[in-house]
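Participant: In order, the protein sequences belong to chains A, B and C. Converting from the first sequence to my numbering requires adding 4 to each position, the first position being numbered 1. Converting from the second sequence to my numbering requires adding 32 to each position, the first position being numbered 1. Converting from the third sequence to my numbering requires adding 23 to each position, the first position being numbered 1.
Worth flagging that the hints you see were computed from the coordinates, not collected in a lab. There could be a bad hint or two in this list.
[Said to hold, decoys possible] Distance windows between CB atoms, simulated: (1) C:ASP136 - A:GLN130: 18 to 24 Å; (2) C:PRO628 - A:SER10: 36 to 42 Å; (3) C:SER230 - B:ALA238: 22 to 28 Å; (4) A:GLU156 - B:GLY280: 25 to 31 Å; (5) B:GLY280 - C:PRO628: 38 to 44 Å; (6) C:TYR71 - A:GLY75: 39 to 45 Å; (7) A:ALA98 - C:GLU557: 42 to 48 Å; (8) C:LYS578 - B:ALA238: 44 to 50 Å; (9) A:GLU145 - C:GLY570: 45 to 51 Å.
Yeah, the Cβ is synthetic: ideal placement off N, Cα and C, and Gly gets one too.
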Amino acid sequence: MTKEWSPRIVAFFCNWCTYTAADLAGVSRLKYAPNVRIIRLMCSGRVDPQFILDALARGADGVLIGGCHPGDCHYVEGNYKMLRRFTLLRRMLADLGIEPERVRLEWISAAEGEKVKRVINEMTEQLKALGPLGLPRKFAEWDREVIALAREVQDREAAAGPCPERPLTPEPQEAVHA
Amino acid sequence: MPKPKVAFYWCASCGGCEETVVDLAEDILGVVEKVDIVLWPVAMDFKYKDVAALADGALFATLLNGAIRTSEQEELAALLRRKSRYLIAYGACAQLGGIPALANQFSREQVLRFNYEDAPSVVNPDHTRPQVHFEEAGRTPHLPEFRHVVRALDQVVDVDFYIPGCPPTPNLTRAAFEALLSGNLPPKGSVLAPDVALCEECARKASKPTNVAFTEFKRPHQALWDSGQCFLAQGLVCMGPATRRGCGAACPQGNMPCTGCFGPTSRVRDQGAKMLSSLSANVAARDEEGIRRILDGLPDPVGTFYRYGLAKSLLRRKVNLPTGSNGH
Amino acid sequence: MKATRDEVRIGFYVCHCGHNIAALVDCPAVARYVGTLPGVVLSRDYKYMCSDPGQELIQQDIREHRLNRVVVASCSPLLHEHTFRSAVEAGGLNPFYFHMVNIREHDSWVHTDRILATEKAKALARAAIERVAHHKPLEIKKVPIHPDVLVVGGGIAGIHAALTLANAGKKVYLVEREPSIGGHMARFDKTFPTLDCAACILTPKMSEVGSHPNITLWTYSEVVKVDGYVGNYTVQVKRKARYIHEDLCTGCQDCIANCVYKEPKFADEFNEGLGKRKPVFIPFPQATPQVVLIDPEVCLNFKRNKNPDGTPVVSDKCKKTCVEACGERGAIDFTQKDELREIRVGTIIVCTGFQTFDARRVPAYGYGIYPNVYTALEIERLVNASGPTGGEVVLRGPKNPDGTPRKPRSIGIIHCVGSRDKKTNLWCSRVCCMYSMKLAHLLKEHTGAEIYNFYIDIRTPGKGYEEFYNKLLEEGTHFIRGRVGEVTDWAMTPEEEGKLVIRVEDTLAGVVRRIPVDMVVLATGLEPRADAAEVRRLFNMSCGGDGWFLERHPKLAPVNTFTDGVFLAGCCQGPKDIPDTVAQAGAAAAEALALIDRGYVEQEPNTAHILDNECSGCKSCIPLCPYTAILFDETRQKAYINEALCKGCGTCVGSCPSGSIVQNLFEDEEIFSEIRGVLAYD
Numbered sequence: 005m006t007k008e009w010s011p012r013i014v015a016f017f018c019n020w021c022t023y024t025a026a027d028l029a030g031v032s033r034l035k036y037a038p039n040v041r042i043i044r045l046m047c048s049g050r051v052d053p054q055f056i057l058d059a060l061a062r063g064a065d066g067v068l069i070g071g072c073h074p075g076d077c078h079y080v081e082g083n084y085k086m087l088r089r090f091t092l093l094r095r096m097l098a099d100l101g102i103e104p105e106r107v108r109l110e111w112i113s114a115a116e117g118e119k120v121k122r123v124i125n126e127m128t129e130q131l132k133a134l135g136p137l138g139l140p141r142k143f144a145e146w147d148r149e150v151i152a153l154a155r156e157v158q159d160r161e162a163a164a165g166p167c168p169e170r171p172l173t174p175e176p177q178e179a180v181h182a
Numbered sequence: 033m034p035k036p037k038v039a040f041y042w043c044a045s046c047g048g049c050e051e052t053v054v055d056l057a058e059d060i061l062g063v064v065e066k067v068d069i070v071l072w073p074v075a076m077d078f079k080y081k082d083v084a085a086l087a088d089g090a091l092f093a094t095l096l097n098g099a100i101r102t103s104e105q106e107e108l109a110a111l112l113r114r115k116s117r118y119l120i121a122y123g124a125c126a127q128l129g130g131i132p133a134l135a136n137q138f139s140r141e142q143v144l145r146f147n148y149e150d151a152p153s154v155v156n157p158d159h160t161r162p163q164v165h166f167e168e169a170g171r172t173p174h175l176p177e178f179r180h181v182v183r184a185l186d187q188v189v190d191v192d193f194y195i196p197g198c199p200p201t202p203n204l205t206r207a208a209f210e211a212l213l214s215g216n217l218p219p220k221g222s223v224l225a226p227d228v229a230l231c232e233e234c235a236r237k238a239s240k241p242t243n244v245a246f247t248e249f250k251r252p253h254q255a256l257w258d259s260g261q262c263f264l265a266q267g268l269v270c271m272g273p274a275t276r277r278g279c280g281a282a283c284p285q286g287n288m289p290c291t292g293c294f295g296p297t298s299r300v301r302d303q304g305a306k307m308l309s310s311l312s313a314n315v316a317a318r319d320e321e322g323i324r325r326i327l328d329g330l331p332d333p334v335g336t337f338y339r340y341g342l343a344k345s346l347l348r349r350k351v352n353l354p355t356g357s358n359g360h
Numbered sequence: 024m025k026a027t028r029d030e031v032r033i034g035f036y037v038c039h040c041g042h043n044i045a046a047l048v049d050c051p052a053v054a055r056y057v058g059t060l061p062g063v064v065l066s067r068d069y070k071y072m073c074s075d076p077g078q079e080l081i082q083q084d085i086r087e088h089r090l091n092r093v094v095v096a097s098c099s100p101l102l103h104e105h106t107f108r109s110a111v112e113a114g115g116l117n118p119f120y121f122h123m124v125n126i127r128e129h130d131s132w133v134h135t136d137r138i139l140a141t142e143k144a145k146a147l148a149r150a151a152i153e154r155v156a157h158h159k160p161l162e163i164k165k166v167p168i169h170p171d172v173l174v175v176g177g178g179i180a181g182i183h184a185a186l187t188l189a190n191a192g193k194k195v196y197l198v199e200r201e202p203s204i205g206g207h208m209a210r211f212d213k214t215f216p217t218l219d220c221a222a223c224i225l226t227p228k229m230s231e232v233g234s235h236p237n238i239t240l241w242t243y244s245e246v247v248k249v250d251g252y253v254g255n256y257t258v259q260v261k262r263k264a265r266y267i268h269e270d271l272c273t274g275c276q277d278c279i280a281n282c283v284y285k286e287p288k289f290a291d292e293f294n295e296g297l298g299k300r301k302p303v304f305i306p307f308p309q310a311t312p313q314v315v316l317i318d319p320e321v322c323l324n325f326k327r328n329k330n331p332d333g334t335p336v337v338s339d340k341c342k343k344t345c346v347e348a349c350g351e352r353g354a355i356d357f358t359q360k361d362e363l364r365e366i367r368v369g370t371i372i373v374c375t376g377f378q379t380f381d382a383r384r385v386p387a388y389g390y391g392i393y394p395n396v397y398t399a400l401e402i403e404r405l406v407n408a409s410g411p412t413g414g415e416v417v418l419r420g421p422k423n424p425d426g427t428p429r430k431p432r433s434i435g436i437i438h439c440v441g442s443r444d445k446k447t448n449l450w451c452s453r454v455c456c457m458y459s460m461k462l463a464h465l466l467k468e469h470t471g472a473e474i475y476n477f478y479i480d481i482r483t484p485g486k487g488y489e490e491f492y493n494k495l496l497e498e499g500t501h502f503i504r505g506r507v508g509e510v511t512d513w514a515m516t517p518e519e520e521g522k523l524v525i526r527v528e529d530t531l532a533g534v535v536r537r538i539p540v541d542m543v544v545l546a547t548g549l550e551p552r553a554d555a556a557e558v559r560r561l562f563n564m565s566c567g568g569d570g571w572f573l574e575r576h577p578k579l580a581p582v583n584t585f586t587d588g589v590f591l592a593g594c595c596q597g598p599k600d601i602p603d604t605v606a607q608a609g610a611a612a613a614e615a616l617a618l619i620d621r622g623y624v625e626q627e628p629n630t631a632h633i634l635d636n637e638c639s640g641c642k643s644c645i646p647l648c649p650y651t652a653i654l655f656d657e658t659r660q661k662a663y664i665n666e667a668l669c670k671g672c673g674t675c676v677g678s679c680p681s682g683s684i685v686q687n688l689f690e691d692e693e694i695f696s697e698i699r700g701v702l703a704y705d
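Assemble the whole structure, with the sequences as input and the hints as a guide.
Facilitator: Structure follows, in structure tokens:
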């Protein structure tokens, strides 16, 4: 990677409050860090924890979820469900070694364009300090060992020619009945 | 016509899957009659070189159980893949990583260090670790390399079908054999079990209310459980809603909740995430403090939601683990 | 059915939006990049996509290049998604094969670095390309509305709503639980601040309701079941037995005059128990409908024991002089049973009103202990010319030595009984200050007594309310600021003998006072009806934390509920005075009219549906829907979604542990592909 690393944040914004607030930030020409990529959903309640995990696994350094303030959800209670999921998910992610700052849930109402700017800037700075999560790169690193061996075995097989009687590796022990 | 050749092999496993094949009881003979078992380390005396000597694709099917943790297991998986027409991941470990995959919460260094040095009953003043090559009395034995990530079978080789379960039930195994032998097979990559969650066949379903709202979670040792009522209704986590059916709800029948060994349905990418989503969304509290307090009843979410599936979860492993001197 | 890459033919357009986007985002570069992505058959950049030529360009391209997906990267979808969907539709393609990328509000307007802004635009565009391949053709469903309306509750709110709708030509069913419409307002004497006689302004409206050709008036009836969804409700109404044939009774009341009971003997509900009635009675003189009814609990024609199903057993104990008096009309029928009727309506307006706070819950104020402690509603009946005492304010406690009832010479009115109180109800009931002052005025007029009002704050927000307060001050009413601690009959001085003593801290004077009075009036607050929790379930509504029915939005949708087609009006939504109640009733009627006249409701296309074969019936989704759109089918043992009720939030989809619920336009595959696309470009 020749470019200097900059955090990539995937954001899931709810249509009625947060996405509208981001639009307002745009209309007001507020300037903020270009690190966020917004995905539009109708409600923060739609955010499946699988989305958050998938985003992290595919290279996001952080995930931001935006919903309406408690009590204001356009669909009455979707944001509460998200809050409950998020509470457990965040703890579980910490157990899996992912810093809590990488996943963030914010309540942003349609009038809070300023808050969108502040939250994105803040999160970008925090992630810069934390460094890249880089899961795709890590997966590739872990899998190198497997690929290397598979290639080695394939080469050995090819070199040895078609099916003569030959051992795989020096006389492996007979498997012991557990 | 020669009988189809079949191989059973085990990797990082407990032997339970082998027991299941044995558990086919009288039916085992039916199996043995119809097929020619060329490799079954636990029960029969064959050598690897006999398998290596076969032509590619000469094996009709290999049922491979156990997760992949060592280089030997990878090699054998690759070998059996080349030699088999159908390579089948048998059991939760091969399908999902299984219980061994919970080791993905630790680095290789942590695992080796604990087992060879820090465990209370270990005496190892020289800090000896297993070596891949070492010299001993003029000979050079080789040991397989211990990988730093536990893998499911399809993370190493291409897999044709999966038979889920820890272990798979005899019914499922029998049905799989029949399907294989008759040629009546679903598309490649299918799991050979129904694609619906466990609740459909669980006798406790009727007692589950339609307005479940969790005010607390308990763990199995914390109460005496009603033998007829849905576990979730009693406040005990049961993975049934997020797990495929096909086992006849064996664990609930034994008054224990489902722990998810059949893995998710085909529509779900991460079983643990979905169960987390469903459980927490139905928590009764609406304030942060109340929510946290109720969810504190789940002290080990990774162990609960990813008991069998950590290797195949979206994150696969705990990240940012402390590394050893070799960088892993 | 997922289109394979080979089948997908995507047309991509990136809009310059004049300088708005092009100044920062290198549009041609974005177009070039997207042109290299699989599935994209044409990739253009253009100055103004939303303009007529821009839209025509899309339509032309769809035809010429056989496009089956369209992506436009420009401004916010909240602005122009509809525009482009219509353009795509005009081009002959299903409008939901379109997806929009926001590179203006979310990119060119909020960033400063040209290179980074262009990179971001490329990433967002790629996400859309990946996503749109999974889009399915969707239809916007139109659900027709049945033109009839059900109004539940015949108080002033229900009456006004019903008349408004009936005058607009709609057929209205007005269902009222009591034997007559009129609600609480019918019991008031005068209304503040104008001191209009309540009956004078109410009875003409009641009359109009009774005779309106478009209103079917069912009193002494209750809604027992509501099925269906917006525009198509099937409602079951129980018509309770009056033991009178409504269509035969002329309201002459000869039966009452000729009842074997020569004198009325039983507590009269309408007069708060202050008066008496006979077993056959009419609730009040102006009752609508003008039909009597018989109380089976006390009428001698019914045995004490009941049938197993609760219906009374007819006996032969009474001479039935009432039947004789009725004569040829034959309106009395002791065998009459409750009747279950079914109606079909498109919209429902709930106007079930309030109940007054039970003053016995504050024993310190002595209601039910001392006979001369009254509630405000009792006073309304006392001062009313057609009340139990003909408008004479007399005490019900010990009489004068000569046997005549005593008149009060001093009266204490205690505000905020059961309001603004942590121990009972937290809210302010909004009308009590005004009616307390009204009663102060009326009582002074009727008795000339010294009046003391004990208040915490004086709340006079409405038109003419503050002026009314000033009038009261001028009249010499004593206003003492302090929450009354206790009403007691324990005299400490000779002046206090035989009186009720009000103990209160006069906070403005800074002293604790004992004020002896003859009569105490408790300004009881308004609270939700005791059965509000059951009633709200009938209509699929929610209650707020305080128990009042919940409006969709307190400012922007005060008469709508979260269930389409069900509206609220009046005090059932929260305490309010008559002007606000009538205004709300009109608003609710207007909302109903808007729905009916349009003739249909448009269904959100992004509803969710449960995959029938895949659902395990685990029931985890059912409690999640605030619109109760998800139900459990006991026969098939699976959950299913009523798409007419589904609003498309997707909460159930995110929660389903076996992935068996799908949301149109926001399917898992679509979102996963967006995630993949947005991170693929590095």
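Participant: Could you run down the list of hints and mark each one as holding or not?
Facilitator: Here is what the structure says about each hint:
1. Evaluation of the 18 to 24 Å hint for ASP136 (chain C) and GLN130 (chain A) yields a pass: the beta carbon distance comes to about 20 Å.
2. Range check, PRO628 (chain C) to SER10 (chain A): about 37 Å between beta-carbon atoms, so the 36 to 42 Å window is met.
3. A beta carbon spacing of about 55 Å between SER230 (chain C) and ALA238 (chain B) contradicts the range 22 to 28 Å that was offered as a hint.
4. Here the CB-CB span from GLU156 (chain A) to GLY280 (chain B) is close to 44 Å, at odds with the stated 25 to 31 Å.
5. For GLY280 (chain B) paired with PRO628 (chain C), a C-beta distance near 41 Å keeps the hint of 38 to 44 Å intact.
6. At roughly 41 Å, the beta-carbon separation of TYR71 (chain C) and GLY75 (chain A) lies within the given 39 to 45 Å, and the hint holds.
7. Distance hint check for ALA98 (chain A) and GLU557 (chain C): the Cβ-Cβ separation is about 45 Å, which falls inside the suggested range of 42 to 48 Å.
8. Between LYS578 (chain C) and ALA238 (chain B) the C-beta distance comes to about 45 Å, which sits within the given range of 44 to 50 Å.
9. The given range of 45 to 51 Å is broken by GLU145 (chain A) and GLY570 (chain C), whose C-beta atoms sit roughly 60 Å from each other.
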